[in-house]
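**Student:** Single-letter residue listing:
There are 2 protein chains.
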Amino acid sequence: MADKLYDVVGIGNAIVDIIARADDGFLSKHDLAKGFMRLIDAEEANRLYEAMGPAVERSGGSAANTIAGLASFGAKCGFIGRVAADQFGGIFRHDIRSQGVAYETLPATDGAPTARCLILVTPDGERTMNTFLGASVGFTPQDLDYAMLHAAKIVYLEGYLFDKDEAKAAFRKAAREAKKAGAKVALSLSDAFCVDRHRADFQALVREGADIVFANEKEITTLYQVNSFAEAADAALQDCEMAVLTRSEAGSVIVGEGETVEIAAWPVPEVVDVTGAGDLYAAGFLFGLTHGAPLETCGRLGSFAAAEVISHIGARPETPLRKLAKEHGLIA
Amino acid sequence: MADKLYDVVGIGNAIVDIIARADDGFLSKHDLAKGFMRLIDAEEANRLYEAMGPAVERSGGSAANTIAGLASFGAKCGFIGRVAADQFGGIFRHDIRSQGVAYETLPATDGAPTARCLILVTPDGERTMNTFLGASVGFTPQDLDYAMLHAAKIVYLEGYLFDKDEAKAAFRKAAREAKKAGAKVALSLSDAFCVDRHRADFQALVREGADIVFANEKEITTLYQVNSFAEAADAALQDCEMAVLTRSEAGSVIVGEGETVEIAAWPVPEVVDVTGAGDLYAAGFLFGLTHGAPLETCGRLGSFAAAEVISHIGARPETPLRKLAKEHGLIA
Numbered sequence: 001m002a003d004k005l006y007d008v009v010g011i012g013n014a015i016v017d018i019i020a021r022a023d024d025g026f027l028s029k030h031d032l033a034k035g036f037m038r039l040i041d042a043e044e045a046n047r048l049y050e051a052m053g054p055a056v057e058r059s060g061g062s063a064a065n066t067i068a069g070l071a072s073f074g075a076k077c078g079f080i081g082r083v084a085a086d087q088f089g090g091i092f093r094h095d096i097r098s099q100g101v102a103y104e105t106l107p108a109t110d111g112a113p114t115a116r117c118l119i120l121v122t123p124d125g126e127r128t129m130n131t132f133l134g135a136s137v138g139f140t141p142q143d144l145d146y147a148m149l150h151a152a153k154i155v156y157l158e159g160y161l162f163d164k165d166e167a168k169a170a171f172r173k174a175a176r177e178a179k180k181a182g183a184k185v186a187l188s189l190s191d192a193f194c195v196d197r198h199r200a201d202f203q204a205l206v207r208e209g210a211d212i213v214f215a216n217e218k219e220i221t222t223l224y225q226v227n228s229f230a231e232a233a234d235a236a237l238q239d240c241e242m243a244v245l246t247r248s249e250a251g252s253v254i255v256g257e258g259e260t261v262e263i264a265a266w267p268v269p270e271v272v273d274v275t276g277a278g279d280l281y282a283a284g285f286l287f288g289l290t291h292g293a294p295l296e297t298c299g300r301l302g303s304f305a306a307a308e309v310i311s312h313i314g315a316r317p318e319t320p321l322r323k324l325a326k327e328h329g330l331i332a
Numbered sequence: 001m002a003d004k005l006y007d008v009v010g011i012g013n014a015i016v017d018i019i020a021r022a023d024d025g026f027l028s029k030h031d032l033a034k035g036f037m038r039l040i041d042a043e044e045a046n047r048l049y050e051a052m053g054p055a056v057e058r059s060g061g062s063a064a065n066t067i068a069g070l071a072s073f074g075a076k077c078g079f080i081g082r083v084a085a086d087q088f089g090g091i092f093r094h095d096i097r098s099q100g101v102a103y104e105t106l107p108a109t110d111g112a113p114t115a116r117c118l119i120l121v122t123p124d125g126e127r128t129m130n131t132f133l134g135a136s137v138g139f140t141p142q143d144l145d146y147a148m149l150h151a152a153k154i155v156y157l158e159g160y161l162f163d164k165d166e167a168k169a170a171f172r173k174a175a176r177e178a179k180k181a182g183a184k185v186a187l188s189l190s191d192a193f194c195v196d197r198h199r200a201d202f203q204a205l206v207r208e209g210a211d212i213v214f215a216n217e218k219e220i221t222t223l224y225q226v227n228s229f230a231e232a233a234d235a236a237l238q239d240c241e242m243a244v245l246t247r248s249e250a251g252s253v254i255v256g257e258g259e260t261v262e263i264a265a266w267p268v269p270e271v272v273d274v275t276g277a278g279d280l281y282a283a284g285f286l287f288g289l290t291h292g293a294p295l296e297t298c299g300r301l302g303s304f305a306a307a308e309v310i311s312h313i314g315a316r317p318e319t320p321l322r323k324l325a326k327e328h329g330l331i332a
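Protein chains in written order, with my numbering: chain P, 1 to 332; chain F, 1 to 332.
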């Protein structure tokens with residue numbers, strides 16, 4: 001698959017992050033569970049925004065962050081995700097394109113505005129996310145760009161988007177198209193609550209559509225309703241080729257290709273904001289995988305990219321990862 | 001004037017900053033003069049935005065930054081400035097209000113969108129600003145909030161907005177209303193090019209309307225068409241009570257109340273982005289002035305606030321200035 005145009009094409013939510021600092025008291029007052037993502041409607045988004053402190057806006061979205069990270073490593077990438085024809089949609093399009101990512105999804109000219117995620121960063125670096133999905137969640141199979149899917153080495157699917165029926169149908173269709181063209185399909189489970197709501201459908205998608213699954217400990221044990229990480233990893237390997245399992249500061253484990261590789265977390269002087277840690281881990285890992293690196297190097301690239309993104313506010317890399325990885329001797 | 005509701009009410013452009021890193025080659029390629037602000041139209045704003053790298057959005061605007069800085073010190077403030085009824089307008093309103101600033105200017109429901117400033121930050125920390133003034137520049141005397149002006153100890157006018165006839169008329173009216181209610185009027189010259197374009201009108205405004213003038217060396221010498229800083233300071237004192245003159249890393253000079261006070265620049269470990277340095281100097285200075293501090297302390301508070309804002313990306317303080325100033329023993 002060396003002659004494919006794209007290393008990775010991602011499909012996911014197209015979101016603008018609105019990031020503010022908050023203390024634990026603010027979270028309690030607004031009944032927000034620290035460290036989790038929850039979905040909110042337009043009215044609650046407005047209410048919470050009113051109550052929040054001064055904020056900064058940056059493009060986000062889980063798979064979009066991964067793709068931006070891959071592009072920062074120098075990978076050739078595309079992204080598919082739905083915004084509205086409004087100012088936030090313009091920000092999203094600009095930021096992903098200016099990373100060198102192909103992005104051609106047409107903006108919706110009616111309906112809900114572009115998705116936004118109100119992110120509260122507490123002094124411990126934890127991020128509590130409140131997502132109004134707006135235009136993003138209206139994703140349908142018609143939003144798929146087949147030419148882009150056919151031109152990918154890996155198609156990367158964001159679990160957060162696997163929620164509404166039309167979006168689910170789009171994921172299944174995308175997985176079929178990818179396979180038809182000889183691409184691998186990677187799926188990020190994204191969120192334990194989402195997995196819990198759609199367990200059977202997620203299991204079927206992993207079994208029938210995915211070659212590689214990305215998950216954290218909570219997500220993978222929720223998917224297979226088992227108690228231990230080891231049981232979950234075994235179950236995953238029954239369904240797909242490879243599972244890439246992240247464990248925050250305990251590092252990560254990769255099972256697949258007949259081996260189990262454990263990777264330590266990359267040391268970080270100060271954790272400022274953990275938003276995007278999993279997304280950037282996937283970016284580093286997939287950069288390695290699409291460039292012929294052994295699994296251990298893939299995992300180290302993942303840890304490395306996650307470390308960069310948790311060292312500052314926001315879920316997109318601030319330092320070009322290719323240059324940084326070269327300085328650390330991770331890539332030639 | 002101890003019983004006034006507001007320490008300072010600002011009038012200025014209501015702008016959302018779009019900030020990206022760029023190298024010197026990018027500036028040359030697009031004919032941008034490093035360190036300057038220039039006005040661009042919608043078409044050029046779109047063209048330049050296309051060419052820029054991934055960006056971050058934050059509220060800005062010169063006087064709005066000053067007012068946000070004052071609020072961060074704990075001052076009671078209001079702001080008057082014009083946005084459109086769009087998403088960027090919503091960001092601007094949220095950010096200034098969430099600082100505790102009163103902001104009641106009605107958004108324009110037709111005409112140009114909310115103003116934006118494309119800011120390119122070079123590796124040396126210099127910022128090159130490209131401003132599309134959009135809705136902001138449509139400011140008229142009808143946008144003035146008299147109750148707010150009458151309730152201020154100081155009304156602070158942003159020179160950048162003193163460009164179109166209607167906005168000029170609004171400034172003159174605001175100055176008259178402020179004086180009627182016993183408020184002082186402060187004017188920031190903002191920009192040497194703007195001063196050059198409207199020299200006679202600026203001179204008249206200083207002479208007839210302003211009690212305090214804020215300027216850098218270039219702006220004050222341009223206003224009086226003199227060669228030296230000393231001559232310019234003398235000329236300013238013929239026209240108003242006090243001139244507060246900033247000189248970047250050479251510190252600042254305050255002339256007024258029969259004395260001349262020189263203030264050293266506050267030391268900064270690393271200059272990351274000079275955007276907002278002058279705005280935050282004014283914030284610190286005016287906080288001191290409205291809280292009875294001697295001129296030297298006012299100047300030190302200005303230098304201190306400027307140092308905070310140039311230590312990070314963006315023109316609004318990231319650390320609450322009241323707390324920080326207490327830690328440094330600047331305020332009780």
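Honestly, the hints are just simulated from the structure, not real lab data. From the three backbone atoms N, C-alpha and C, an ideal C-beta is built for every residue, glycine too. Treat the hints with caution; some may be incorrect.
[Said to hold, decoys possible] A partial selection of chain F residues facing chain P, derived with a Cβ cut-off under 7 angstroms:
id, residue
1, Glu44
2, Leu48
3, Gly53
4, Pro54
5, Glu57
6, Arg58
7, Phe88
8, Ser98
9, His150
10, Ser228
11, Glu231
[Unchecked claim] Computed list of lysine-lysine pairs in DSS-like fashion (alpha-carbon distance at most 27 angstroms, straight line):
id, chain 1, residue 1, chain 2, residue 2
12, P, Lys180, P, Lys4
13, F, Lys323, F, Lys76
14, P, Lys168, P, Lys180
15, F, Lys29, P, Lys76
16, F, Lys76, P, Lys323
17, F, Lys34, P, Lys29
18, F, Lys323, P, Lys34
19, P, Lys164, P, Lys34
20, P, Lys29, F, Lys323
21, F, Lys179, P, Lys323
22, F, Lys179, F, Lys76
23, P, Lys326, P, Lys4
**Student:** Would the stated hint for proline 54 (chain F) survive a check requiring a Cβ distance to chain P of less than 7 angstroms?
**Tutor:** At 5 angstroms from the nearest chain P Cβ, proline 54 (chain F) passes the 7 angstroms test, so the hint holds.
**Student:** Does phenylalanine 88 (chain F) pass the interface check with chain P, least Cβ-Cβ distance below 7 angstroms?
**Tutor:** With a closest approach of 5 angstroms, the phenylalanine 88 (chain F) hint holds.
**Student:** Given the hint that lysine 29 (chain P) pairs with lysine 323 (chain F), does the C-alpha gap stay at or below 27 angstroms?
**Tutor:** holds, 23 angstroms
**Student:** Can we keep the glycine 53 (chain F) interface hint, with Cβ of chain P closer than 7 angstroms?
**Tutor:** holds, 5 angstroms
**Student:** Run the distance test for lysine 179 (chain F) versus lysine 76 (chain F): straight-line Cα separation, threshold 27 angstroms.
**Tutor:** Within the cut-off at roughly 19 angstroms; holds.
**Student:** Tell me if the interface restraint on glutamate 231 (chain F) is satisfied: Cβ within less than 7 angstroms of some Cβ in chain P.
**Tutor:** Nearest chain P Cβ about 41 angstroms off; hint violated.
**Student:** Take the C-alpha atoms of lysine 326 (chain P) and lysine 4 (chain P), compute the straight-line distance between them, and say whether it is at most 27 angstroms.
**Tutor:** holds, 24 angstroms
**Student:** For the hint on leucine 48 (chain F), just tell me whether its beta-carbon gets within less than 7 angstroms of chain P.
**Tutor:** Leucine 48 (chain F) check fails; min Cβ-Cβ to chain P is 11 angstroms, beyond 7 angstroms.
**Student:** Given the hinted pair lysine 164 (chain P) and lysine 34 (chain P), is their alpha-carbon gap at most 27 angstroms?
**Tutor:** Cα-Cα ~25 angstroms, so holds.
**Student:** Are the Cα atoms of lysine 323 (chain F) and lysine 34 (chain P) separated by 27 angstroms or less?
**Tutor:** holds, 26 angstroms
**Student:** Take the shortest C-beta to C-beta distance between glutamate 57 (chain F) and chain P; is it under 7 angstroms?
**Tutor:** holds, 4 angstroms
**Student:** Holds or violated: is there a CB of chain P closer than 7 angstroms to the CB of glutamate 44 (chain F)?
**Tutor:** Result: violated, 15 angstroms to nearest chain P Cβ.
Of the numbered hints listed earlier, those contradicted by the structure are 1, 2, 9, 10, 11, 16, 17, 21.
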